[in-house]
Structure formats: C-alpha cells, structure tokens
Amino acid sequence: MIELTVNGKKHNVDVEPEMPLLWVLRDVLDVKGPKFGCGIAQCGACTVHLNGEPVRSCSVPVSAAAGQKVLTIEGLAQKGQLHPVQRAWIDNEVPQCGYCQSGQIMAAVALLARNPSPSDKDIDAAMTNICRCGTYARIRTAIHAAAKSPKSAKA
Amino acid sequence: MKKTLAHQPARREFLKASAAIGGGLTLGCGPLGVFAQGAKPDAGVEINAWVVIRPDDGIVIRYARSEMGQGSMTSAPMLVAEELECDWRRVKVEYASANANVKRKRAWGDMAAVGSRTIRNSQEYLRKAGATAREMLIAAAAQQWKVPASECTAQNSFITHGPSKRRVSYGKVADAAAKLEAPKEVKLKEPKAWKLIGKPVKRFDIPDTVMGRQVYGIDTQLPGMLYAAVAQCPVFGGKVKAMDAAKVEGRRGIVKVLNVETFVAVVADNWWRAKEALRDVHIDWDVGANGNASTASLMEFYRAGLDAKEDIAVSRKDGDFDQAFGAAAKKLEAEYYTPYLAHACMEPMGCTAVVKDGKVDVWTSTQNAEASLAAAAATAGVPLENVEVHRVQLGGGFGRRGGAQDFVRQGVAIAKAMEGTPVKMLWSREEDTQHDFYRPASLIRVKAGLDDSGNPLAWYSRVASTSIFSTLVRLPLKPPFSPVEGVDPQSVASLHDLPHSIPNVKIEYAQRNAFVPVGFWRTVGHSQNPFVRESFLDEIAAASGKDPYEFRRALLQKSPKDLAILETTAKAAGWGSPLPAGVFRGIAETEGYGSYTAAVAELSVDKNGEVTIRRLVLGIDPGYAVNPDNIQAQLQGSAVFMLTAMFWGEITIKDGRVEQSNFHDYRMMRLREMPKVETVIAATGGFWGGVGEPGQASIAPAICNAIFAATGKRIRSLPLKNHGLTLA
Chain Z
1 MIELTVNGKK HNVDVEPEMP LLWVLRDVLD VKGPKFGCGI AQCGACTVHL NGEPVRSCSV
61 PVSAAAGQKV LTIEGLAQKG QLHPVQRAWI DNEVPQCGYC QSGQIMAAVA LLARNPSPSD
121 KDIDAAMTNI CRCGTYARIR TAIHAAAKSP KSAKA
Chain X
1 MKKTLAHQPA RREFLKASAA IGGGLTLGCG PLGVFAQGAK PDAGVEINAW VVIRPDDGIV
61 IRYARSEMGQ GSMTSAPMLV AEELECDWRR VKVEYASANA NVKRKRAWGD MAAVGSRTIR
121 NSQEYLRKAG ATAREMLIAA AAQQWKVPAS ECTAQNSFIT HGPSKRRVSY GKVADAAAKL
181 EAPKEVKLKE PKAWKLIGKP VKRFDIPDTV MGRQVYGIDT QLPGMLYAAV AQCPVFGGKV
241 KAMDAAKVEG RRGIVKVLNV ETFVAVVADN WWRAKEALRD VHIDWDVGAN GNASTASLME
301 FYRAGLDAKE DIAVSRKDGD FDQAFGAAAK KLEAEYYTPY LAHACMEPMG CTAVVKDGKV
361 DVWTSTQNAE ASLAAAAATA GVPLENVEVH RVQLGGGFGR RGGAQDFVRQ GVAIAKAMEG
421 TPVKMLWSRE EDTQHDFYRP ASLIRVKAGL DDSGNPLAWY SRVASTSIFS TLVRLPLKPP
481 FSPVEGVDPQ SVASLHDLPH SIPNVKIEYA QRNAFVPVGF WRTVGHSQNP FVRESFLDEI
541 AAASGKDPYE FRRALLQKSP KDLAILETTA KAAGWGSPLP AGVFRGIAET EGYGSYTAAV
601 AELSVDKNGE VTIRRLVLGI DPGYAVNPDN IQAQLQGSAV FMLTAMFWGE ITIKDGRVEQ
661 SNFHDYRMMR LREMPKVETV IAATGGFWGG VGEPGQASIA PAICNAIFAA TGKRIRSLPL
721 KNHGLTLA
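So the sequences go chain by chain: Z and X. Just so you know, we're using the numbering used here here: the first sequence kicks off at 1 and counts up by one. Just so you know, we're using the numbering used here here: the second sequence kicks off at 1 and counts up by one.
Please keep in mind that the hints were generated in silico from the structure rather than gathered at the bench. In this text, a Cβ means the ideal position worked out from N, Cα and C, and glycines have one as well. Hints may be right or wrong, so weigh each one.
[As the list claims (entries may be wrong)] To give an idea of the chain X side of the interface with chain Z (calculated C-beta under 7 Å), a few residues:
{"hint": "1", "residue": "Met68"}
{"hint": "2", "residue": "Ser150"}
{"hint": "3", "residue": "Trp272"}
{"hint": "4", "residue": "Glu347"}
{"hint": "5", "residue": "Gln636"}
{"hint": "6", "residue": "Gly637"}
{"hint": "7", "residue": "Val640"}
{"hint": "8", "residue": "Arg670"}
Let the sequences and hints guide you as you build the complete structure.
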C-alpha cells in the first residue's frame, strides 16, 4: 500500500511502485483533470504539484509521491473560490480545446507562487507545456493578469 | 442525463459537478445497451429539434457538430438565439444525439465539424430554426390573449402584445407553442438588426475546462470498465502473422490479449498495465509489400508524376499556356515540396465501447458522430439505430477525427471481443504519431512566362500527390464534386482557383496514390499550395524588379475581395514604411474555406539561421464575423499551427515505417517561440466564410517571402529546419 494525499484527501493505493503517478490519479483514484499527452514528460498535459512543485506526473513513479501532497486542477479552487489563475483564464478566454489547459494552469500557478510578478522572459522559461491549438498568446496575457490580481500572492 | 453546459455555471453546480467528476454516467448521456436510456424529468418542451424551453424560462439550444476548441459550440447556438430573441444569459447548450439523428431522419442534419464549415453550412437552417420557434411562441401567446399575432413582438424571452402591453414569458407558452404547426416560411432578420451575431461572446465550454471538469473521450469512466492498449503493424498495410503472449499471461491486472488481425490489443484493469504488458507480447508482423519504402522512394514516385506524359488530369485551362510560355520574353521554373505531416492532437486517439445484446454504446472524441456511429454499427454488425455515440469534448481534432474512423473500428472490435464489458481503448503517443492519416506530401512544378515589362502572361502548375478523396473517402473524382474528372479538389486548392489576371493558365494534377495513409488536416491543400503560389508570385515580382505588394495588387484588380483583404492587411502592417536595419517584410494573400486572408511578416534572420519574427499581421474577411473574439483566437492558433509545421513539421519514412514517434522528434512550437500576432478582422458582409483553417494559408509564404527579402535565399521546400533555419 502506498499512501498519497491528493487535493487534501488521503488515499491508500495498492499498485506497483513504478506505476506513474498520472495513471494512479486517472485510473485508480478517478482524478481525471491531469491529462495524458506523451508519456515522456515532453508536453506537460499531466502537470500536477507535488509538495507545491510542478511535476510531469506521467514520468513520476507513484512511489516517489508516497506520503506526499499532490495537488491537481480539481483541488485548485478553495471553498468555491476560483484560483486567480483560473479566473484570469476565464476572463481572457484562454482555452481552445482545453486538453492541455489543466497542465498549463498548474504550471502557471507554480510560477506565480515562486515569482508573483514574472517578466515575459520568466514566463518563457517556466511555461514549456505544449498547446496544439495555439493559445500561447492568451496564456501570457492571463498570467500577467493573474499576477496583477490582488489575491494571487496568497495562492 | 444529457450533458448541459451552463453559460455561467453557478457555484453550487460547480461543486456538485466536481464531486462527480469522472463519473462518465453522470456527465454523459444514458447508454443504450447496458443501462436504460436516461429519462429527463423537467427537461422542458421541444419547440423544434434545435430549441427546448423549460418552464422556468431556461432555454436549451441543441448543437449537432463537435467542439474541439474551434468555438462552434457557442457560435452555432448564437445563430439560433439571434432569431429566437431569447435571453442569452439563460441559454444552455446540449449536444444533439447521434442515435436520435438516425431515428429522426436526420433532424439535425450533418453532424461533422470539418472543413471550417459549421457556420457557413448550417447558418441558414439554424437561423430559421430560431425564427420558427419564435413565431410559434408568439402565435401561442396571441391565441391565449385572443389577439392577432401581428400585434405581438418577442424580445429577451418575452412576448409582448403592443396595444394592451401584456407580457408573457417563453416558458409559460412553450407547451402551447409546441402543439402548433411550424410556419413554412419565416423571414430572417436583416444583418443590421442583429444583436448577438458580431458581438464578442464568451464561449460556453471554457469554465468547465478551467475547473478541470471538462470531459474528453479519454475521461470516460464506466462501471466494470477495462482498458486496452494496442499495437498496429509498424508498416502501413501490414498485419499480425503470429503472436506469443505467454510472457504476460497471469501478470497482475492482465485480462486478455487479443489478436485482431491488423493489430494486437492487451486488455487490463488499468491502461498502464495494458501498455506495459504490450511490450512483452511478441508479435511477428507480416509487413506486406511496403517494407522497403522510404522518403526517397516516395519522392521518386511523386517526381515521376511531375514528369509523366500520361495519367494526368488538366484541372484548369485558360488560353494557351504552351504557346504563351514558348513565346515569353522571360521564363521562370521552379519545383516546390511539402512533406507529410501528422496531426498530433494533444489527446491521442481512443475509443470506449460496450457491445451487448446487439447494441453498442461508444464514447469517443470524434469530429463526426454520424461517421463514428456508422463505423461502430458496421464493426459490430448491428443496425444503425442500435448504436449511440455519446458526445464529449475533443482534445484537438485538426481533421484527424473526422474522415478516418479507424479508432472507432478498433475500439468496437475490442469491445465486441469482450462482449458485455465496457473497454476503453487508448493509443500511446507513439501509436498516434506512427498511425496517422497524414497531410499528404506534395511535389509541385510551377512555370511562368513574362512579357518585356515583367508581367506574367502564362502560369503553369502540376501537383503530384496522393488524393485524400480517392484513398480515404473513396469518392470517385468526378464533377460536380471535382472540377474535372481525375482531380482531387484539395490537391489543387488555391492553384485551380488562382484569382490573378493571367491570360494563359494550365493547372494539372498527377494523382499518385502512395501507401502512406493520408487525410484531412487543419487546412489541407491550403496548407501547401498557397505556400507555392504566393512564393512563386514573389519570385516573379523579384525577377521583374517589382514590389511584391504592388505586383499582387495589379494582378488582383478583377478579384475585389482578394484585393480588399490584401490592401487592408498591408495597410495595418504599414507595408512600405521604413523598418529598422536588418528587418524585412513578406506578404501573401489567399482565399479558402469561403474566407479571404492575408499575412504580412516582419522578421530578421541572424547568421546562425535564427529567425526572429517581430510581427505577424493576419487579416481575414469571413463575410460575417459571428464571434469576433473567437475569430481572433482561431487566427492566433492558426499562427502556432502553421509556424510549427513550417519550421519543424516533417514525417519521414524508412523501411516502410514512420521515423518520428513522439514530441522529442516531432517537434511542437512552445510559448517562448510565440511571436507577436496582430489580427485584423475585416468582415465585409454578404457571405459566410470559415475561420478555423483559412488563417493558416498565407502564413508560410509571407514568412518565406520575408526570409527571401532578408537573405536572398528562396525557400522552395518545408520544413525550414532542413534549410538551417529555426524560430528564435
């Protein structure tokens, strides 16, 4: 049994230690916000936070997350309040198909947590997730908007 | 319960849905086979196939096509609502059922979201559906008040009787309205009276996406569901010769290993176990006839098409090209090449299916629910009416999930072998990259003959490529579908319809069908031929010492819409104004999918071949601009899609196999490479054009023409990485 805390809730999962965190979340715990895109940590659609750090869950064995805190897109809104990044994503109509967006949002939240007012260069360096629909321009705009939002520092 | 998307979901709804996320049954439609069809209490009254009105004045507008990020799930209902005169804030959108479309004689018409045609092909019947429902609601209110309907008006979900000022809401008269006969003729609003069309409207699906509760095909979850990973023959057209699964038998979670003739599937209790086990299944492939093919042998095949004297179809012939070219004062000739390209949808291909008691339920990300339904019925051997294709959001489509339904046939074949058990089949990224229906490669020869002043008098193009329509759609290439027998309209798009005033034109098509499967892409022929046409026009302008913009203007005087978008875009970009040292411009213009587009690129190229795009100005005239903010998004997306393709996109073949496998060797553009894209929506009205694809057409030639201006090097093949160029 491997113990995991996902979005504040404890789970014990009986799986192989090398099973990627992504597939434990999706197929065992039914947490489907993180998406499968490549399986080799290239695209970032599976991005979740492990103890606050963004990781590509398709390439993290579940054993590496044992006893630790996992945050996914489903756990981002608090007490019915959207995270400022989510708010900015809606205000700026960022997503198109939306498949990569839970990963993009988790990457953006992590960026703002360590750098509350990122420059364009900081955004370039941090936001390496692939979006095939081409929402990059609006992702940049929304990150700047979230950085200006009063609640972002607390997030 | 049908999946209904709230315009502005209430917080309460959000929390409820969050708790239920992943519950495919709670969010999807009731399955046909395994469970009883879900009845919908308090569902409201259906006024017609498109409009349902609830007693509380909630308005449900049905949407028949698919949503893959192109925004039509919002803009198509806008057309209904415009005429319905309803309160847009109370509108919810619900997918029309593919099964019901079969049973109700296609009440919702074509369900395919392909070819940038959702708006342009359905605008008339959607607006009429809204207007018809409005007239019925007015008639019902008038009958209730015993007044002439002509004294009543409708606005914001209320009917008002002018003389008496009485008002009643839609919900109160919906029951009575539904019982009335629909008027045969309805008058549609004049464009100047539109209240919703042309306004930037928020997309319905975005809040769900941002909250992580959007349901894609891959998210389907059913009780007792198993998971399948598949391996197909690495050489197209091959099949399984023998399979040995001894190594994985009895392994944890492995339920079954299936030999399905053209592929092998491992069925397990989660997808990761299935995929891992698949690696240990020994498969002996019969690769068939194509095991030695390579990109070089394919090039030879296409080159033979360029040189052939036979099996050539003449698509267009104006004047006498041969005579005019022979007599020309100056002659130009060139050969252009565009490679095979994969779609690389972010969500890999997949399909969940249950086959039970002669019925089939399918959950799949599809651009054409009717085609998926037909493929499922044929694979399972059941009548169409025994199949439901449950509607989900698509993790990208780009043409991959419409014409080809291979993933549905696979999913249903597996489910049939596992009769009674729901199975979710999912491809790995490697399968997805190596078993696509690729944007065709094409080899194109162009010639031009000029007079003494450098004016083109003769233009020739011959395209050698695989025909999508004859190999995938299996449609005979004949009029009226084709311009001429033997011509695939996609293969000659934007060459056949060359709008420039050139008296002698000959356009030929050499249909050379290779073994590499081809399919529609986000902008098919328009992703390659405008690159050739607009680059070669630039070559002519350069050879004549003319400004590329003025040169095009002179040739487009008789094509006012092409001319207008060219001029508007050039003006927005400041064509002709001074540029900083080392910065150069390129321009291109095209028509496609019913819209006119132009692009101006401003860039510099450094000594390492790094291309810095300072500005990319994209102009579009889609006739009517239904949802301008969405059009801007589509143009921004078009820039990313085309820049990715033109800088890095290339599928190559070795030993009959695709050499690329995943994003490390099939490179995608990242955010840091995104240039400044400025969009100019110059809607001139009077027609309805597409917006998902046409924006791409002018981008590659505008950039390559700017690279020529910067370096003197003419780019005649893509991708640019093969010319030592990369995006800074």
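### Query
Which hint numbers does the structure go against, in order from smallest to largest?
Checked against the structure, the only hint that fails is number 2, while the rest are satisfied.
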